[in-house]
Structure formats: structure tokens, C-alpha cells
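Peer 1: One letter stands for each residue in the lines below.
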Amino acid sequence: MALVLNDEQTMLRDNARGFLAKNAPIAHLRALRDKRDADGFSRALWKDFVELGWAGILVPQDYGGLELGYVEAGVVMEELGRTLTPSPFLSTAVLAATAIARGGNEQQKKSYLPKIVAGELIATLAVDETAKHHPEKIAMPAVRAGNGFKLSGAKTFVIDGHVANLLIVAARTSGKAGDTSGLTLFLIDAKAVGVRAERTSTVDTHNAARITFDDVSVGADNVLGKIDAGWDVLEGVLNAGRAAVAAEMVGASEEAFSHTVTYLKERKQFGKAIGEFQALQHRAAHLYCELEVTRAAMLKALQTLDDSYDRSGAIVSVAKARAGLSATLAVQEAVQMHGGIGMTDEFDIGLFMKRIRVCQELFGDSNFHADRLARLNRY
Amino acid sequence: MENLENFRKETRAWLEANCPAEMRRATQTEEDACWGGRHWKFQSDAQRQWLERMAAKGWTVPEWPREYGGGGLSRDEAKILRQEMSALGCRPPLQSFGIWMLGPALLKYGSEEQKREHLPKIARGEIRWCQGYSEPGSGSDLASLQTRAEDKGDQFLVNGSKIWTSYADKADWIFCLVRTDPNAPKHEGISFILFDMESAGVSTKPITLISGASPFCQTFFDDVLVPKANLVGKLNKGWDIAKYLLTHERDMIGGMGTTSESRSLGQIATDTVGTDNGVLADTVLRGQIAAFEIDALAFRLTMERAGDMAKVGQAHPAVSSLLKYYGTELNKRRMELVMSAGGTDALEWEGERSREGRTARAWLRSKANSIEGGTSEVQLNIIAKRILGLPGA
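Those sequence lines, one after another, are chains A and B. The first sequence begins at 1 in the numbering used here and counts up one residue at a time. The second sequence begins at 1 in the numbering used here and counts up one residue at a time.
Just so you know, the hints here were simulated from the structure itself, not pulled from any lab data. Hints may be right or wrong, so weigh each one.
[Stated by the list, open to error] Cut-off 27 Å, straight-line C-alpha distance, at most; resulting in silico cross-link-like pairs (DSS-like, lysine-lysine):
no., chain 1, residue 1, chain 2, residue 2
1, B, K228, B, K170
2, B, K108, B, K228
3, A, K268, B, K385
4, B, K311, B, K115
5, A, K354, A, K265
6, B, K115, B, K170
7, B, K237, B, K115
8, A, K272, B, K385
9, B, K170, A, K265
Isolated chain B (complex conformation):
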């Protein structure tokens, strides 16, 4: 415990000395977040400095081993780092699907060469990754995917198409599920491969969503050659890696509902509907907000408890389905209340007053939470089968 307290003091001192003032203000727009990659344009010197300093300490990925660019911190130390960053208001220096999804999968399934090649570049924000999972014909039934990778000696020849590829148009590399044995049962003919998005035959087309934004693309592979060295794990055993990575994706999406907002629902509603003797004038809305806040706080504690249980070896592996399901449904509920509390102010779509319709767009964006990374219904199937052991689930 004493060591941890020392670590806390040192960490606070280091952050105070090294985190630029500009990086201690809450992110306002998507562009405020640093995603890194070959084509990344830093918003400011402060953003570049903050990434470089944190990467040098390995603190963009605090719990990864030092030899792969991580900080080599224990769980407790990493928690302290998060707490101290949050206390000072430090922005995350880097966010990426490499950190959240591919990294954990490579640490578990990658070869030594693959780890040494890819992990440090993720940690330093040099390569930005995207995820090639869903296909036009394969949504919830992901394992029915049809993108083919044929054996051509030293290389695979990849043909097919992926959809909902987040930021494919901005990514440098893709981690991709491909069918390598079309004759095997659907789960047993899938492999997990990595390739450069600048390879010949790769093209992307952004998809405009109901929010007006285009974070997702359809991605096309037309005779793309991929070296066999880029196969992760064993041939035709990619489904295990896919599932493992999905648990990390679910944790990431499930946590979205708990991101700290600058104004609470109670404050937003106080501004729009006013108060009567100290309580919100709209008492029905007040009750809905209170009910939401009860669930939101309890859910934050559930996430904390899941972490604590993992630490003592009591966690059920399917708990990520619980967190994904509950967290995303909660976030959708929150955004409905934000819209309700905001009234007509929240309906504005363009213009400075509404910050280009930020509220309405965020509300619409939240609807994808319970679809992406496995729908709520798929999570309930997983819980029914793996935790409750219900027959035929």
C-alpha cells in the first residue's frame, strides 16, 4: 500500500509537470480526441507533446508490457493513473481501436514477431487501425461472413466487402475476419488477418448516418494480396480471436453510457422547465431523471465490481455481455431524457447556438450503441446460454 501511495504522489507530480494546460480541458468535439496514424494532423503542439510524453512513458497503454511499448503497470497502478488523470482533467493522450481491441487480442494470440511489429506502433499512435468484421449479409450472424481469402502460396488473395467499418477511410491498417475454408461449418473456416489499407485493391466508401455524420464505411477488397505472415493465430481458428476481441469491444461500448458530461440531466431540465419550491416544475420528468440516475450510478458500480471480481478470479467471461447490454440501453435512455429535458432547443440541427446540432446528433448516434458490437438481443442470447445455461440458447 505504501508503494502505491508513493506511486500516486510521483504520478501526480509527473502529470502536473508534463500535461499541457490545453490538454486539461474537456474534449468538446470529436476532433479534440487524438486518434493518431500516418495521416493524423495534430490539432495543436500541445496535443502532439502530450501524446509524445505519455507514449515515452508507455502510459498510452499503461498495462501493456514495457517491451511492447506499454507502461508495465499493475492493475492497481493503472487505476491510480486513471484516477490522477481524471483529478487533473487530463484528456486521454490517444484513443484507438488498436488500443481497445486489436492490442489485447495480439497480446493473447499474436506471434512474438507480430507483437513486436504492431504493438509499439499502436502505443505511439503511429498506425491507426480499423475493424473488418460485419458484412452486408452478416450482421448479428457474424459467423456467416463471406469475404474470401484464398491460399496463393506465400500470400492470401482477399475478395469481398465489409460494412460498418469505423473510420476505414482514415485508418492505416485493418484487422479482418476472412473465410479461409468455405466447406467447413461456419465457425470453423474463419481466419483473423492483418493488412495495410494502402494495399492495391482496397477501397472505402463512407456511409452517411441518421446523425448526418459518416464515421462508418463500406470497405471493398478486390484481389488484395496479403502476406501469410499476417495471419494471427492458427488458420481457420479465427473465430476464437474474434470472440475474444468482441468482449473488449463490448466493454468499450458498454462504458460509453458512463462518460462524464459537463451538465447533469437535473441541471439541463432545471434550465428548461424551471423549479417550483426547489424541485423541478415537471414532476413526471423529474421522476424519470431520478430513476435514470439511480440506474446509472448502480451501473457504474457494476462495472467497478466486474473489475474487482476479475482481480480476484471470480468474474464470469460473459459479464461483458451484461455490461454491453445494460450500458448501451442506459445510454439510449439517457439521450432520450436529454432530448426531453432540452425540449425544442435540442431539436436544432445547424448553427452556432446548438453547436451544429450537437444534442440531436448525439441522440441519434446513441441509437447505434445497442446494435454495434453485437445487438442487445445477441447479448441476451449470450447471457441466456452462457450464464443461465438455458437449453437451446
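Same shape as in the complex, but just chain A:
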């Protein structure tokens, strides 16, 4: 497949860009932050996303969704990255929709997917238990009890965990931390007895929570996929999330870069535009190359999820690792080249730096993915 967007995808990008520039510019994030909004995102804006079909962008048409692909979901993520818009798109429309559509049985799909499409359900994935992403090291036990299971433990940095109605929880039903077998995915109502969400205040003013499970009962019909074989579903869902976050980083870093290039042309020192200094020209040109190279990998990762979902691991790791590094370079150069003004809260550049730091950690940082690629290539 050609590594360019087709006409429909280009139209989606242009529409998304126009819509977000008008309805959710960076001022939108600032307003949520400054009034310490309890949800951390705008439910009115999410309703608009639902009307645009974005909540069901990956949901099969049989359940009312648009049934588009990961390239299209990535297009939306990239635009959300440009405007730093907080929304349940990643948690609900990408992670949960993928998990349920790919791993759920007919009953589960029927009960949850139409609600996601309609904006009636915010759902998320609860995986990490430690500060660094390491999904095979999941230790939280799910112990058989009668016809179902009982879960006890805690999940950290659950995206949108404080507003989610449905949690997709990865827990250990057998084996030991480090084994990929023995994991099971559970669909758990956020209001179930014993579930407690504590919002995490994060550097980027986006949304995450720490969720504790105190002897939470789950029926056997709320197992997503097969018992002990949750890894098969989880890995694909994580890959989808990783590629989506890579797309968000591409959008955010290109936006930060574009602000920086504009600044280089406008800011005058020593009687000339600072963009005339070769010391800055070469750094800007190098950064441009890094961003272009990342974009190719990001697009290929999204296309691979659409074409060969089960064989996307290596290219997704390439895309996530690259996006983490080139976006980090982009925001560091952005602050440095803006000089003192780049350090001020009033200026938007710092907000990009904060968001990129969070995206770098989500679902594995660049080192995690370099290690994963090395393992896949057997060295």
C-alpha cells in the first residue's frame, strides 16, 4: 500500500483539523486546567466527536460504527496531538473498541459497542501496575471464586480511569509475573463493589487514574477472550494504542516544530532574524528530517494494523520508539530556540513538552520498544 493518505483519509484529516482548530484549540485545554475541571475533558466536545462518528471510528458497522481503520483513527489522533485536546478518544474509541471488537463474544459486542458509538459509555484499559510499562509482568491476581473470579490489587496510570464506566482489566489467573501466559482480561463495571478510582493529577493536564480493586467479584461471563490467554488479545490492543499514541506524538511534534520555524523567522537578535544563524538552521533542518522519517514509520505501523493486525508488533515498536525520540527532540529544540519565552506558562510550547513526556511513557517508552525489537529479531 502506498505510504500516503488516500483522498478519503485526506478529507478526514482536513475536516478534523478544521473542527479542532475551531472547537478545541489549545485555549480549550488551558480553560479545563485553569478551572480545575473535575472530568478533565469536555463532555460537550465528546458529544461532538460522537456526532462526527469518531467514537465508533473502529467499531464494525454491524454495531453501528464507521468501521474505518487504524490509519483513520491515527489521522484523528494526529490532529488531537496538534491541539493537545484531552478526550476519551484513545481510551474508548481506540483501546476499548479494539479490545471488545477483537476479543469480545457476540453478547459482549452487542452490549458495549453500540454504547461506545453512541457516546453512552466511556471505557478504558487497565494494564500497568508499575511506573514503567511492562505488561508481561502483570501480577495482580484474579482468583477463582464460585462461578467467577475475585480481583484484588491496583492499576496505575489508567487513562481516563476516573471517568470510565467500564474497565478492561488485565489480571493474572495463573503463572507468575513475567509469563505471557496466565493472563486474563475482565470487563468490570467501574461502579462494582470494591472498585475505587483516584484521579492522578498529571504534568500534561490530561487524564489518568489509579484504580484499586478490593476483592472485586467478576462473573465468568465478563471474561473477555479466553481464560489464561488474555495476552493474545492484549498485545494487539496495546499495539493499536502504541501506534495511536505515535500518531498523536507526530501531530504534537510537527505543531511544535512549525511554531518554532515561525519563531526563527520572526525573532530578531544581533540585528537579524535568528533563523539566519547556521547554528540554528542546521538543527532545525536535522529535526525536520527526524520528523519526516518518523512519519513514514508511523503511517506504516497504522497500515500494518489494518492489513496484518497480528503481525504488527515490530513495525509498531519502530514507530513508537521513533516517535518518542523525535518528538522529545522536537519539544526540547522548541523550548531552547524560543529562549526565555519558551519557559513561560503563557506560551504554548511548554504544553507540548509536557504532553510529549506523557506520550513517551504510555505503553512503553523508546527503550522498551528498542528492547522489544531486539527480542523480535532474536538478539
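With chain A fixed as given, assemble chain B onto it according to the hints.
Peer 2: Positioned in the frame of chain A, the structure of chain B alone reads:
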């Protein structure tokens, strides 16, 4: 699409029937590659046969028009041909600066007569070309070149010297930048001419490089007479052709970092440092190799994307500077890792065990990648100016 699938089937069948077994093994040395030319000595009958058969189909230059010795293939067909050749392990039947550099420039700027005269000979591997660009005093500042071509009626009288002329001592003809108006601003007094290296007054002197090899020469022109019919394009307008040709040279050099090697870095390092529970025992080296492989794969995709964008008319002309810069820096990084992974084995300079110091010599050779065809710094200047639009760049 159906036609393309038919083309793929026919191409595979033809290659299977016509590519000699010997030409399906990876090239080991520089001599394994066929450069053609008046003085070319074929390494084997298979090498000759393979060139002749491919040239007869026009597939040494698949996308050139048929009337000039090309295959007349569409971009998609040419891509299929490349894929099928790669699947069967077929060597390129011919490689030359005529194919990579002069040909595209002649197709765009040459007169009908020049195209008919020179392109078929390039396609058939009959004439080997070299490139007369850099001069001892003109490296990155190429447009400051001083080689003079004076107007002598029907002919130019050429005097001066070129340097870093790749394989000038083996080439039959040269495409050469000369100053035809010394009084004009530097970019506006340059012309692009072609002449026979057997002309009276041409001499070459190989330059030994740090790798021990001498692929480059200094080339001297002492009262060389060149017919005016060999001027390509308009008088004093050679800089446009020079730049166009450079984009092709950059694509060629930028692609060097992606040539498939028989052993991956991970394998080389596994052999030298060993593994611990399935991962390389040297974990720092392992991280460096993985980081390199991430960038290398992403860069291959960037080249693919550049081609796809060109096809839909979205490519920026300066993208060749991006590919040249990134690809050559990547290749240098790769060779540093090859040396690091190889340890002292990679330091051997002579002898059969090291295949005459192949690794060390390739490592040293790679250092020229970011100099030849415009330095990395020149590429960054071009990107800053033409893509980012930074002032004064």
C-alpha cells in the same frame, strides 16, 4: 491491477528462464559488479549473457523510453521487476553513472540527437561514463569551479583539472562542468559538456584513499578540443543541469545505507560477544544496535514514501537532500557498529581470513558518504532554505 499481476507472472518466468544461476548469487567484491564500457573484461560468460539478455529487453534501464534502449516500463511495472529480481536474488546486470546520473539528465535536457547517440550505449553497457564536477579548489562551493572552456569556433578548448572523478581511469567518456563565461556571476557562467576520455590532452591520476583503494582520480585537461555539438542544454545554463543531476546522485548515495547485507548487526554481535539468556551479552551494544535498526527500518520506509509521494505529485524537490543526509549518516553509524560488533576481527587489513580487510576498508570507505555528492552540511543548508524557508540560508 490484473495487468500488473500478469506482468509479474511473465517477468518471473522470464527471469527464471534467462538469469544464469551464477548471476543469482550476491556480489562479494567490487569486481562482481558489471560496469560495462569499451575496456570491460567480463568476469564470466554468465555475466556477459546476463547483460546482453537484459539489455535486449531494455531492462538495464527499465523506465527509460524504448526508443533510447529502455524498457518503457511504468513505475509500477519497474517496481515489480525490482521485486522479482530481488526475490530470485538476481544481480543488477549493469551499474553505471550513465544509468544513475547522466541518463536522467540527458532525458530531461539533451537534444534528440544526443539522446539517440548516448542513451542506447549506456543502456547496453558499451560506454562507461565518469563525472567531472569537483575541482581541487571547488568542493562544497561547487559553483566556484575554474575549468575553462573557451569558444574556438566549432569547438571548445578545455583547460583545467577535476578531482574525485570516480573511476576516471576506467571511463570512456566524461560529463563535465566547465566555465564558459568567466565574467558572469558564478552560477551563470557554467556549461555542461560531454567528451571522450581518449581525446588528446586528457590524463588521469588515481588517488589512494584511507581505505587503501583508489576509486577516485584527479583528472587533467590540457588543451582538450571538444565539438560544440557536445554541449548539453544552453550555453552558460549548465548549473540547472548540474543541480538536477545532483539530485539523482544524492538518491543513489542516500540509498547506499540500505543495501542488504548478508548478516545483520545482531548476528555479527551474537558471534563476537555471545548471548546471556537469549539476549546479547553486551547490553549497551545491544541497545545501540536496536536503536540503529529502528532508524534504518524507518529510513527505508521514508524512501518508499518519497517514491509514493512523487507518484501522486506531492513530493518536494529537495527531498533528495533529506534522503542523502539521513541515509549517509545512517550508513556511517552502521559501519561504526559493524566495527564495534566485530571487535579485533574487524581490524585485520590483509589476508584471506578477513577477505583482505573487507570490513575495515568498508568502514573507512563509508566516511566519504557524507562528503561526496554534497556534504551533510550542504544538504542541511538546502533543507533550511528550500523546505523550511529560513532567511539567508
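Peer 1: For the pair supplied as a hint, B:K228 and B:K170, is the alpha-carbon distance within the 27 Å limit?
Peer 2: OK: B:K228 and B:K170 at ~25 Å, within 27 Å.
Peer 1: Given the hint that B:K311 pairs with B:K115, test it: the Cα-Cα distance must not exceed 27 Å.
Peer 2: Given pair B:K311, B:K115 holds - Cα atoms ~25 Å apart, limit 27 Å.
Peer 1: Check whether the Cα positions of B:K115 and B:K170 lie no farther apart than 27 Å.
Peer 2: Holds, because 23 Å separates the two Cα atoms, which is no more than 27 Å.
Peer 1: Does B:K228 sit within 27 Å of B:K108, going by the straight-line distance between their CA atoms?
Peer 2: holds (19 Å)
Peer 1: Starting from A:K268, check that the Cα of B:K385 is at most 27 Å away, please.
Peer 2: This hinted pair holds, its Cα atoms lying about 18 Å apart.
Peer 1: Measure nothing beyond the straight line between the CA atoms of A:K272 and B:K385; if it is 27 Å or shorter, mark the hint as holding.
Peer 2: holds (16 Å)
Peer 1: Take the C-alpha atoms of B:K170 and A:K265, compute the straight-line distance between them, and say whether it is at most 27 Å.
Peer 2: Cα-Cα ~49 Å, so violated.
Peer 1: With a cut-off of 27 Å on the C-alpha distance, tell me whether B:K237 and B:K115 pass.
Peer 2: holds (18 Å)
Peer 1: When you check the alpha-carbon spacing of A:K354 and A:K265, does it fall within 27 Å?
Peer 2: holds (25 Å)
Comparing the model with each numbered hint stated earlier shows that hint 9 is the single one that does not hold.
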